[in-house]
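Residue-level listing of the chains:
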Amino acid sequence: MARLNGKIAMITGGAAGIGAGVARMFAAEGARVAIADIDAAAGTALAAELGERGIFCPLDVTSEGDWQRAIAQVEEAFGPLDILVQSAGISRPAHIEAASLDEWRAHMSVHGEGAFLGCKYAIQSMKKAGAGSIVNISSVESIRPGPLFVCYGAAKAAQDAITKTVALHCGEQGYNIRCNSVHPAATYTPLLEQYLKSAPDPAGLEAIYAGMQPLNRIATVEEVAHAVLFLASDDASFMTGHQMYVDGGVLAKPYPKGEGA
Amino acid sequence: MSRELENKVVLITGAASGIGAACAELFAREGARVGVADVSLDAADALAAAIREAGGEAIGIACDVTRGAQVDAAVAQLVATWGRLDCAVNNAGITVPLAPIAELEEADYERLMAVNVKGVWLSMRAEIRQMLTQGGGSIVNMASALSHKVHPGASFYVASKFAVAGMTRTAAVEYGESGIRINGLCPGNIRTPMLENAVTDPAAVAALQALHPMNRLGTPGEIAQAALWLASDRASFTTGALLTADGGWTAR
Numbered sequence: 001m002a003r004l005n006g007k008i009a010m011i012t013g014g015a016a017g018i019g020a021g022v023a024r025m026f027a028a029e030g031a032r033v034a035i036a037d038i039d040a041a042a043g044t045a046l047a048a049e050l051g052e053r054g055i056f057c058p059l060d061v062t063s064e065g066d067w068q069r070a071i072a073q074v075e076e077a078f079g080p081l082d083i084l085v086q087s088a089g090i091s092r093p094a095h096i097e098a099a100s101l102d103e104w105r106a107h108m109s110v111h112g113e114g115a116f117l118g119c120k121y122a123i124q125s126m127k128k129a130g131a132g133s134i135v136n137i138s139s140v141e142s143i144r145p146g147p148l149f150v151c152y153g154a155a156k157a158a159q160d161a162i163t164k165t166v167a168l169h170c171g172e173q174g175y176n177i178r179c180n181s182v183h184p185a186a187t188y189t190p191l192l193e194q195y196l197k198s199a200p201d202p203a204g205l206e207a208i209y210a211g212m213q214p215l216n217r218i219a220t221v222e223e224v225a226h227a228v229l230f231l232a233s234d235d236a237s238f239m240t241g242h243q244m245y246v247d248g249g250v251l252a253k254p255y256p257k258g259e260g261a
Numbered sequence: 262m263s264r265e266l267e268n269k270v271v272l273i274t275g276a277a278s279g280i281g282a283a284c285a286e287l288f289a290r291e292g293a294r295v296g297v298a299d300v301s302l303d304a305a306d307a308l309a310a311a312i313r314e315a316g317g318e319a320i321g322i323a324c325d326v327t328r329g330a331q332v333d334a335a336v337a338q339l340v341a342t343w344g345r346l347d348c349a350v351n352n353a354g355i356t357v358p359l360a361p362i363a364e365l366e367e368a369d370y371e372r373l374m375a376v377n378v379k380g381v382w383l384s385m386r387a388e389i390r391q392m393l394t395q396g397g398g399s400i401v402n403m404a405s406a407l408s409h410k411v412h413p414g415a416s417f418y419v420a421s422k423f424a425v426a427g428m429t430r431t432a433a434v435e436y437g438e439s440g441i442r443i444n445g446l447c448p449g450n451i452r453t454p455m456l457e458n459a460v461t462d463p464a465a466v467a468a469l470q471a472l473h474p475m476n477r478l479g480t481p482g483e484i485a486q487a488a489l490w491l492a493s494d495r496a497s498f499t500t501g502a503l504l505t506a507d508g509g510w511t512a513r
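Residue numbers (the working numbering), protein chains in the order written: chain B, 1 to 261; chain R, 262 to 513.
Just so you know, the hints here were simulated from the structure itself, not pulled from any lab data. Any given hint could be a false lead.
Computed cross-link-like contacts, BS3-like style, restricted to lysine-lysine with a CA-CA straight-line distance of at most 27 Å [claimed, not checked]:
{"id": "1", "chain 1": "R", "residue 1": "K410", "chain 2": "B", "residue 2": "K127"}
{"id": "2", "chain 1": "R", "residue 1": "K410", "chain 2": "B", "residue 2": "K253"}
{"id": "3", "chain 1": "R", "residue 1": "K379", "chain 2": "R", "residue 2": "K410"}
In silico contact screen, one side only, chain B against chain R (beta carbon under 7 Å); selected entries [said to hold, decoys possible]:
{"id": "4", "residue": "D160"}
{"id": "5", "residue": "K164"}
{"id": "6", "residue": "A167"}
{"id": "7", "residue": "L168"}
{"id": "8", "residue": "Y175"}
{"id": "9", "residue": "L191"}
{"id": "10", "residue": "E193"}
{"id": "11", "residue": "Q194"}
{"id": "12", "residue": "L196"}
{"id": "13", "residue": "N216"}
{"id": "14", "residue": "F238"}
{"id": "15", "residue": "G241"}
{"id": "16", "residue": "A252"}
{"id": "17", "residue": "K253"}
Note that beta-carbon positions come from the ideal geometry of N, C-alpha and C, so glycine has one too.
Could you build the full structure based on these sequences and the hints that come with them?
Okay, structure coming up:
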């Protein structure tokens, strides 16, 4: 039995990385999927791969007008939203002395304003559907930020506060709309591959990233997508406001260390 | 679609009623061979028989989790029957009458801690020893929303569930490289026989419901789905986590 039969889902950052993995898994589980992304070429290609289960919506998550148009487009194509997955994100590590105010604002804008607008407009659509599930992709860096993640960690913490307040609000209003976050550690995404490739010793850096986790490896996109699928599905019907770690145990580890920690 | 615990051997403690029973039934439907372990052998046997009648595989096992020898014997019995141990849900737990700290009894402390804390340790010890010989496994310890929050009058229970959370995370770090995943599951208030016996006044039930932003109690089936997720290969990168299924209570 497919876990998302008949569900309508929108996935931001859906053209690549974790978002694309989620889009493929959701479609395979019976959902109709709107791939929302700023990368029209990759988004359109993935939508085509999903066939009649997929459409592409152009979306810059920091633009309120884009959100309104994208959700209207999904409603027109499929109907009101059952599921929103917010996977759009940027991460450019820098410590406090090196990071510029522009970088701070860029991170806060994508993760903070993006999550704010996404939840705001998704709830509007989900109320028409009568129920819904929002899954925000956060990070281990919001829980225990390393020194290089002053912008990213703070922006993900802002997103986490939105997740929790939305969970509380929707619960208290009796909306039957749940809102949770998933916190991956290092995952084999294009972003990670890019870090590794640009390092002087890619294999050495990969081993450092893997060794940070008690499981001593890096996650696959599918492993993160499974957590998103679980939270999005009715299997998680009593879960809201939860921060779900998919982190190989790194947040339980007492002495994290190493480059990128 | 293939069943996701096909032929996996699972030990569930406190399995004869409530959340444990819901886990046993769900895991069996997903193809697991289930050791239904409970302090009451009659109740364990009855549930195991019901699972077999429904087409599943299960055996009843007498197990007082406060006795290391009984826990070791439960694991040994599963290994003797089915050859291995893949997953465990350490669910056995009790409550004692609510009272503020200054009114509590020493005997109640010892009884509750023995089941809720020592029992989880003894269970993990036996399970991990077996799993190390097989190269891995997945353990789910029943923690609670009261691993994060407090509840006046429930200080022993709260302390026991904080302890379970701490042991769970420590064990996950210790055995991660051995391929054993160890997670905690934190339910809110769930409509179980334990809760229904402890709280009978409708106003008190309504007050319990209102603790959760979703303004309802959870069902054993909802917790069983979360336990299944953690136990299964879908959670292959999740260890040392406390998965909270509490209608939003701890987000408050």
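Numbers of the earlier hints that this structure fails to satisfy, in rising order: 1, 4, 8, 9, 10, 11, 12
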